[in-house]
Amino acid sequence: MGVTLLQPRPAIPASRGRPRPARGTAPSPVWTWHLAPPPEEGIGDRGDLGASPASVDAEGTMNSPEGPSFPSGLLSGAASPNGDEGFFPFVLERRDSFLGGGPGPEEPGDLALQLQQKEKDLLLAAELGKMLLERNEELQRQLETLSAQHSEREERLQQENHELRRGLAARGAEWEARAVELEGDVEALRAQLGEQRGEQQDSGRERAQALRELGEQNLRLSQQLAQASQTEQELQRELDTLRGQYQSQVLAGAELRTQLESLQGENQMLQGRRQDLEAQIRGLREEVDKGQRRLQATHEELLILRRERREHTLELERARSEAGEALSALRRLQRRVSELEEESRLQDNDTSGASLQSELAHSLNSDQAQKEEGHRAAQNTLCPEIQEALGHQSSPPEESLEPPKKRASLGPGDILEEKEAEVARLQDETTLQRAELQSLREELQRQKELRTHEDPEEALRGALSDRDEAVNKALELSLELSRVSLERDSLSRELLRTIRQKVALTQELEAWQDDMQVVIGQQLRSQRQKELSAAGSAPRRAAPRLSLRLGPGPAGGFLSSLFRRT
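Here the sequence shown stands for residues 1 to 566, numbered as in full-length UniProt numbering.
In short, the hints are calculated from the structure, not lab data.
Take every hint as true, because none was put in to throw you off.
Listed below are the simulated DSS-like cross-link pairs for lysine-lysine, each with C-alpha atoms no more than 25 Å apart in a straight line:
no., residue 1, residue 2
1, K130, K120
2, K290, K473
3, K530, K120
4, K530, K130
If you anchor each label on the Cβ, the simulated ranges turn out as follows:
no., residue 1, residue 2, range
5, V518, G253, 29 to 35 Å
6, R171, R528, 35 to 41 Å
7, Q347, T430, 29 to 35 Å
8, E510, Q201, 55 to 61 Å
9, R310, Q427, 30 to 36 Å
10, R528, Q236, 26 to 32 Å
11, R528, S492, 52 to 58 Å
12, R500, S478, 29 to 35 Å
13, R310, T430, 21 to 27 Å
14, Q116, R171, 36 to 42 Å
15, W512, A177, 43 to 49 Å
16, R237, T498, 22 to 28 Å
17, R434, L314, 17 to 23 Å
Ideal placement from N, C-alpha and C gives every residue a C-beta, glycine not left out.
With these hints in hand, go ahead and build the complete structure from the sequences.
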């Protein structure tokens, strides 16, 4: 709510000659406006808002000397029609000179004093306007929050205003009657003024012009002061509310700062935790890779062991078949030796011995050929140790193949001894083969036990489960980090939005303050210029005028109380 200063009417140029009053005219009336004390907060709100300047002018006018007397409450401003105190902010009183009881025309010295008083009043009004501007700057912050309350109150006041308008319409008739009476008084006074103007033609015009200007100016200033008092009260309430809101906002800002600092600390802690978790994830990934490599190597070793197992199984079967063949050959040889012993006992001559030797050599050659074929097949399939052992053991039979042919001329006893030695050698070979087969069986059993105790598939499943757990943990940690980052971003956006709103409100308040300063400065400058022009063109001779003075009592202490309050 701005403050508007009242502009005076343009002054009528003063005549150089001194005006002379007309004969038989009464002196010009002088009206004095006294400032009524401002209504206290919570009292007279209905009267201040419902009353109009017309009601103040109608009920605050002065009685003429011959007219009917008005109630004392209307002149003193002590009571309002509804009983509220301070209903009429201004009180109009009469001077004794207007009633004819005072002295005649005032001297130029009094006019100068009155002009000085007027300048003081204007300066006081300017100071009051400046003070109100400062108050407006302080209380403007409350205006926004009270706008909603003002709207509700405005609705309530409109209802009350409607009731007051009906009361005002009832009093309008009284005002019109009093206006008629006052118009009669004015006509009488105008007649007196016309008679005085006959004597003081030049000064009368100037006085009338000054009177009109000062009356309008006084009316405007009185309205402005009334509005200023109301505005002051409203802005004071708004200031209290805005101060409370500002304190609450300061507390909220401190809480937000503490929350932001705590969130920043948590963010730093979470970032460090994220780095640690990333390092752990990298370590887990490396361990998973190592486990996969170990698992791959274990799988390859398992395949190799299975292949070796199949080879050992085949070699064992072949060795068993060779051992069976060797045993069958040994039995055949034993039977053949027993047959030869019987034949040697039966035959005594050399021819029979030579034929027996040739048969034995032939049978030995055939058996040795079969043994060599079996040994070669076993050497191709058995492991290197068995092949080496068989190689060392198969060489004596090869060497023993030739002696029967060369030693065909030996006797039967020698042949039997050789056969017995060969049988013993074959028994030793079979014993060695059995021992080797037993060692192979034990090795296969150990491999089986090792595979049962250390299952590579179980190790593979354990490694895969560890890898899955590590991946799940990494995913959970990444989700937690993303959630924390989203919360941090949302809090940062809220803080930026709050700061932007605060900056926008500050800019709007500064712009409003600048506009108010410019408007009030322009009004004060124009008011000062017009007052200076009016003071320069004022007549040297004294003339009655309307004065805005500080009367005695509570009315005179209004402006001083305002300054003390600020």
